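Here are the chains, one letter per residue:
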Amino acid sequence: MIFIVLLIGIIFLVGLVVAFYVIGGYNNLVSFRNRFKNAYAQIDVQLKRRYDLIPNLVETAKGYLKHERGTLEAVIAARNVASNASIKAAQNPGDATAMKELTGAESVLTGTLGRLMAVAEAYPDLKANQEMMQLMEELTSTENKVAFARQAYNDAVMVYNTTRETFPTNFIANTFNFAAAEMFVIDKPEEKQAPKVSF
Amino acid sequence: MPQLDFFAREESARRHTKLLELYFALAIIGTVLVTYLIFAFLFAARGGNPYDPKFLLVVSVGTLGVIIGASLFKTAQLASGGSVVAEMLGGHLVNANTTDLDERKLLDVVEEMSIASGTPVPHVYILPDEPGINAFAAGHSTKDMVVCATRGCLRHLTRDELQGVIGHEFSHILNGDMKLNLRLMGLVFGLVCLTVLGRILLRTRGRKNPLPLIGLVLLVAGAIGVFFGKLIKSAVSRQREFLADASSVQFTRNPDGLANALKKVGGCGSRLEDANAEDASHLFFANGLSESIAGMFSTHPPLEQRIRALDPAWDGKYISVNVRAVREIQSIPARMARPPQPGDLLGGRIPGAAAVPVSVIGAALLQTGAPTQRHLDYAADWRSKLPPALDAAAREPMSAVALIYALLLSRDDTLRATQLEQLSQQTDPGICQQTAALFTSVLKLESRARLPLAALTMSALRRLSPAQYKQFNKNIRYIIESDQQIELFEYTLQKIVLRQLEPTFVPPKHPIIQFYVIKPLVPDCVTLLSALAYAGQTEPAQIDAAFRQGAGKLNIPGLALASPADCSLAKVDASLERLNQGAPQIKKILLNACAETVAAAGVIQENEAELLRAIADTLDCPIPPLLQV
Numbered sequence: 001m002i003f004i005v006l007l008i009g010i011i012f013l014v015g016l017v018v019a020f021y022v023i024g025g026y027n028n029l030v031s032f033r034n035r036f037k038n039a040y041a042q043i044d045v046q047l048k049r050r051y052d053l054i055p056n057l058v059e060t061a062k063g064y065l066k067h068e069r070g071t072l073e074a075v076i077a078a079r080n081v082a083s084n085a086s087i088k089a090a091q092n093p094g095d096a097t098a099m100k101e102l103t104g105a106e107s108v109l110t111g112t113l114g115r116l117m118a119v120a121e122a123y124p125d126l127k128a129n130q131e132m133m134q135l136m137e138e139l140t141s142t143e144n145k146v147a148f149a150r151q152a153y154n155d156a157v158m159v160y161n162t163t164r165e166t167f168p169t170n171f172i173a174n175t176f177n178f179a180a181a182e183m184f185v186i187d188k189p190e191e192k193q194a195p196k197v198s199f
Numbered sequence: 001m002p003q004l005d006f007f008a009r010e011e012s013a014r015r016h017t018k019l020l021e022l023y024f025a026l027a028i029i030g031t032v033l034v035t036y037l038i039f040a041f042l043f044a045a046r047g048g049n050p051y052d053p054k055f056l057l058v059v060s061v062g063t064l065g066v067i068i069g070a071s072l073f074k075t076a077q078l079a080s081g082g083s084v085v086a087e088m089l090g091g092h093l094v095n096a097n098t099t100d101l102d103e104r105k106l107l108d109v110v111e112e113m114s115i116a117s118g119t120p121v122p123h124v125y126i127l128p129d130e131p132g133i134n135a136f137a138a139g140h141s142t143k144d145m146v147v148c149a150t151r152g153c154l155r156h157l158t159r160d161e162l163q164g165v166i167g168h169e170f171s172h173i174l175n176g177d178m179k180l181n182l183r184l185m186g187l188v189f190g191l192v193c194l195t196v197l198g199r200i201l202l203r204t205r206g207r208k209n210p211l212p213l214i215g216l217v218l219l220v221a222g223a224i225g226v227f228f229g230k231l232i233k234s235a236v237s238r239q240r241e242f243l244a245d246a247s248s249v250q251f252t253r254n255p256d257g258l259a260n261a262l263k264k265v266g267g268c269g270s271r272l273e274d275a276n277a278e279d280a281s282h283l284f285f286a287n288g289l290s291e292s293i294a295g296m297f298s299t300h301p302p303l304e305q306r307i308r309a310l311d312p313a314w315d316g317k318y319i320s321v322n323v324r325a326v327r328e329i330q331s332i333p334a335r336m337a338r339p340p341q342p343g344d345l346l347g348g349r350i351p352g353a354a355a356v357p358v359s360v361i362g363a364a365l366l367q368t369g370a371p372t373q374r375h376l377d378y379a380a381d382w383r384s385k386l387p388p389a390l391d392a393a394a395r396e397p398m399s400a401v402a403l404i405y406a407l408l409l410s411r412d413d414t415l416r417a418t419q420l421e422q423l424s425q426q427t428d429p430g431i432c433q434q435t436a437a438l439f440t441s442v443l444k445l446e447s448r449a450r451l452p453l454a455a456l457t458m459s460a461l462r463r464l465s466p467a468q469y470k471q472f473n474k475n476i477r478y479i480i481e482s483d484q485q486i487e488l489f490e491y492t493l494q495k496i497v498l499r500q501l502e503p504t505f506v507p508p509k510h511p512i513i514q515f516y517v518i519k520p521l522v523p524d525c526v527t528l529l530s531a532l533a534y535a536g537q538t539e540p541a542q543i544d545a546a547f548r549q550g551a552g553k554l555n556i557p558g559l560a561l562a563s564p565a566d567c568s569l570a571k572v573d574a575s576l577e578r579l580n581q582g583a584p585q586i587k588k589i590l591l592n593a594c595a596e597t598v599a600a601a602g603v604i605q606e607n608e609a610e611l612l613r614a615i616a617d618t619l620d621c622p623i624p625p626l627l628q629v
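Top line first, the protein sequences correspond to chains A and B.
The first sequence: position 67 = 67 (this note's numbering), numbered continuously.
The second sequence: position 432 = 432 (this note's numbering), numbered continuously.
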């Protein structure tokens, strides 16, 4: 008789421990997910600032680069695409498709900006313009801030993903549909170019 | 009206917590008894022996196990800080560099109040989906505070009214209600779990299944337990709400702000739509649930009573709020502050004055945890005079890091060059450049501005990832250690920054009070007072006199000044750790002694006043900016 009671008691206790473990794991996942979403919000702030600076930059450069309309338009177009992608990503931070779209759009934008800078090299008047210098300075500073915020975001995503994939939390993650989060990786367009081989 | 000082209030809050736990223990015992009785009745009806000790054991241990287990679990969950509560209710963290005008307004109000009361800037959350007007504060200590407001609050309240509401929340923090409230949450959750378990068991199926019956019993018994639990929760919480209202008025000296906010709550409602609101209902500013019948369970005093206490001439009409009104984009007017007169600020700014009465510091200490409207004015004025470049730098995570480095760099040029060189290898070149640039601005800052500036950087610094924080930590320690002539102030500044940041990255350790009498802590007090004496004076005679004056306050005979080697920074560090485990009354005596040592020369320099505030912060005692009485 006592044996049965003890058995029930032990099963009950074990069940309680498992339940609390599951609840603890679930709460951890929720907490890490919130953390990377908050970290994304910081990137969003910096990206918005960048997208706001670019039209000003183009306006200032327009007067000097009268024959480089194509480059300027490419910059504006890339900026608009990136801006839209970032709005979508902000609504669903860490979602794989949204993030990939954003990283793609961002690398295109960086590429076009790079081309604009290369073109502007040939126009010393433009480079000496006060407003242009200030805008360039702000743009560089914003890019630094994006990089810093990106680092924080990627760290947070790594922690979340690791928790999600390790045993035994992976069972909890799968049961409650915790999707994997995508990191924010900027690919540098220069690195994509195939090496030129000359004989 | 809070007649007691901060330390007495802390003591009183601790006693209340113990009393509360006693009541809950009684409620739990009552619940277990009821469960046993019902089971015994049913058991006897089926022909079993209800007085069988094994039966009693099973029932009581089972019930107790569920209640206590759930309680402990919830308490452990809440131990990681107030952010858990905010996120549970769907809150979003507000960025320090946000461009949303509503969020900016909230942040500005919260930052001003933190600077005015000398507490660290809390995490600020908003509940964007809640249309009602409500707010709450949660957390275990001033280091892991969270303040949260609904979107309705931001949309419908003016700046003054918002300040009244946030002042109410800060009063909860400064009155020590937070620990009490989180404890309540844990305990009630334990009782609620019983009913949840009962409900689950009730739904099981099967022939001759005893489980639904067990479930029913648990449900009934649990409901009775919850009844008593809520009764206790409500009674405690109602009393605290009146106290917080009164403290808020003392803080802002503007009863209309809070009164109008309450009137708008009457017009618009403060109900929260989130399902989890029940758990946290006692934390809120106004009633977050629908009005319950008897009013016994209401966690807040009736709205009318609160408004009349603030505005006796009230005509009984609530301010109706147009919930659908589109808010006009308006610029946020800075708080109309009366700028501090030259005589207001302590330390070297009083033209022609030779000596400052020592009683001034004593009186200023009385304002620990009880800031007034003059402090608010001071904070607003300080904010408006801060160079915008520094203000902007404090709000971005990257430049906030650079700003802290700049505040800690050495004044000596060659040493600084070495430090920057070493930093450039450990961290981002962008940060290094900014550090060098910010250093020139920081050099021009008055010493009274350094602590508030460091406080402003907290929100941005909390956005660092754990890896970035580790690097930051390492770099700060390097800067401090590489400077042989490190001053006590830089050391305490570094300690404050790291202490306030740590709870975000590491589960906070709550110092358990281990010392109730001052005797075991006397060597540590001597170390601290000696370090202060050496920091403030240069002549050996004066150093000795300063120490003696401070030591006199400890009422322990035969204390001698320690040698400089014995009050090195490492020793001061260790002493502060131990002193932090003393009861509030001990900290009060110690701070009075420190104040005497600092004021010994008769003229208090600005940096000495700031040093005192910095030490008080490491002891978790929020001293507002020292103003002339």
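I should point out that these hints are in silico values taken from the structure, not numbers from a laboratory.
Some hints here could point you the wrong way.
Claimed, not checked - The list that follows gives simulated cross-link-like pairs (lysine-lysine, DSSO-like), each with its CA atoms no further than 27 Å apart:
#	chain 1	residue 1	chain 2	residue 2
1	A	K37	B	K105
2	B	K105	A	K48
3	B	K495	B	K571
4	A	K37	B	K470
Treat the numbers as computed from the prediction; the structure is a model and nothing was measured.
Hints versus structure:
1. At roughly 23 Å between alpha-carbon atoms, A/K37 and B/K105 fall within 27 Å of each other, so this suggested pair holds.
2. For the given pair, B/K105 sits about 20 Å from A/K48 by alpha-carbon distance, which is consistent with the 27 Å threshold.
3. A C-alpha spacing of about 14 Å is found between B/K495 and B/K571, which places the hinted pair at or below 27 Å, so the restraint holds.
4. In summary, the hint linking A/K37 to B/K470 is supported, as the alpha carbons are separated by about 21 Å, within the 27 Å threshold.
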